[in-house]
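Enquirer: Residue-level listing of the chains:
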Amino acid sequence: KQEVTQIPAALSVPEGENLVLNCSFTDSAIYNLQWFRQDPGKGLTSLLLIQSSQREQTSGRLNASLDKSSGRSTLYIAASQPGDSATYLCAVCRGNAGGTSYGKLTFGQGTILTVHP
Amino acid sequence: DAGVTQSPTHLIKTRGQQVTLRCSPKSGHDTVSWYQQALGQGPQFIFQYYEEEERQRGNFPDRFSGHQFPNYSSELNVNALLLGDSALYLCASSFDFRVSTDTQYFGPGTRLTVL
Chain A
1 KQEVTQIPAA
11 LSVPEGENLV
21 LNCSFTDSAI
31 YNLQWFRQDP
41 GKGLTSLLLI
51 QSSQREQTSG
61 RLNASLDKSS
71 GRSTLYIAAS
81 QPGDSATYLC
91 AVCRGNAGGT
101 SYGKLTFGQG
111 TILTVHP
Chain B
1001 DAGVTQSPTH
1011 LIKTRGQQVT
1021 LRCSPKSGHD
1031 TVSWYQQALG
1041 QGPQFIFQYY
1051 EEEERQRGNF
1061 PDRFSGHQFP
1071 NYSSELNVNA
1081 LLLGDSALYL
1091 CASSFDFRVS
1101 TDTQYFGPGT
1111 RLTVL
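First to last, the sequence lines map onto chains A and B.
First residue of the first sequence? That's 1 in the working numbering, and the numbers climb one at a time after it.
First residue of the second sequence? That's 1001 in the working numbering, and the numbers climb one at a time after it.
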């Protein structure tokens, strides 16, 4: 059974800092890994998707890395801003024997990020 | 282009009642998945619908059931509500879950409170 853990559970930083959020998973047979952002009481917004064959993906100030062998992913946020304050969720999509996926996501519990002005 | 929409936004029910939640997928998407998110937790997969059939199911009791219509919209039904069913229910749609670059798009959710 896939288990996803995110560390830290909460993080508070001053504006402008670079920061790293961590995600670990127990089953390396993943199809892809996604990072999502969730604002309070809202739905999820996809930030980055890394395919199992990739090592990293970048979008603006965000960079996500993937190390399947160690079961880890990190989300790096450069020059943080107050608008980055949200919960960040890591989700793993498991592969199947046919080399594709069933599309089921297993989520971590999230990291609550607060960026102070 | 409308994204994933869900209705209603909020719902209050009492124990033992039944509830139906609705979801319309993003235009061009034919797969709908439902997730339950308890307060302070990550979403938990309930089930997935594709071609009007339930294709996968998470660890949820039979009280949770669903349906997908020919226009790809979907319903989630929960019978005999328990206090523990209080949560944010999220609907996600995707274009082709068998493709490694397939991104799931989530709706704003329905907040269910069971009293």
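For the record, the hints were derived by calculation from the structure and aren't laboratory data.
This one's a predicted model, so the numbers in the text were calculated from it and none came from an experiment.
Just to be clear, a hint being listed does not mean it is correct.
[To be verified] Below, simulated DSBU-like cross-link-like pairs (lysine-lysine); rule was C-alpha separation at most 30 Å, straight line: (1) B:Lys1026 - A:Lys42; (2) A:Lys68 - A:Lys1; (3) A:Lys68 - B:Lys1013; (4) B:Lys1026 - B:Lys1013; (5) A:Lys1 - A:Lys42.
[Stated by the list, open to error] Some chain A residues judged to face chain B by a derived CB distance under 8 Å, without partners named: (6) Pro40; (7) Gly43; (8) Ala86; (9) Tyr102.
The C-beta atom is built at its ideal place from N, Cα and C for all residues, glycine as well.
Enquirer: Taking the hints in turn, state whether each one holds.
Expert: Hints and how they fare:
| no. | hint | in the structure |
| --- | --- | --- |
| 1 | B:Lys1026 - A:Lys42 | 17 Å, holds |
| 2 | A:Lys68 - A:Lys1 | 16 Å, holds |
| 3 | A:Lys68 - B:Lys1013 | 43 Å, violated |
| 4 | B:Lys1026 - B:Lys1013 | 28 Å, holds |
| 5 | A:Lys1 - A:Lys42 | 28 Å, holds |
| 6 | Pro40 | 11 Å, violated |
| 7 | Gly43 | 4 Å, holds |
| 8 | Ala86 | 14 Å, violated |
| 9 | Tyr102 | 5 Å, holds |
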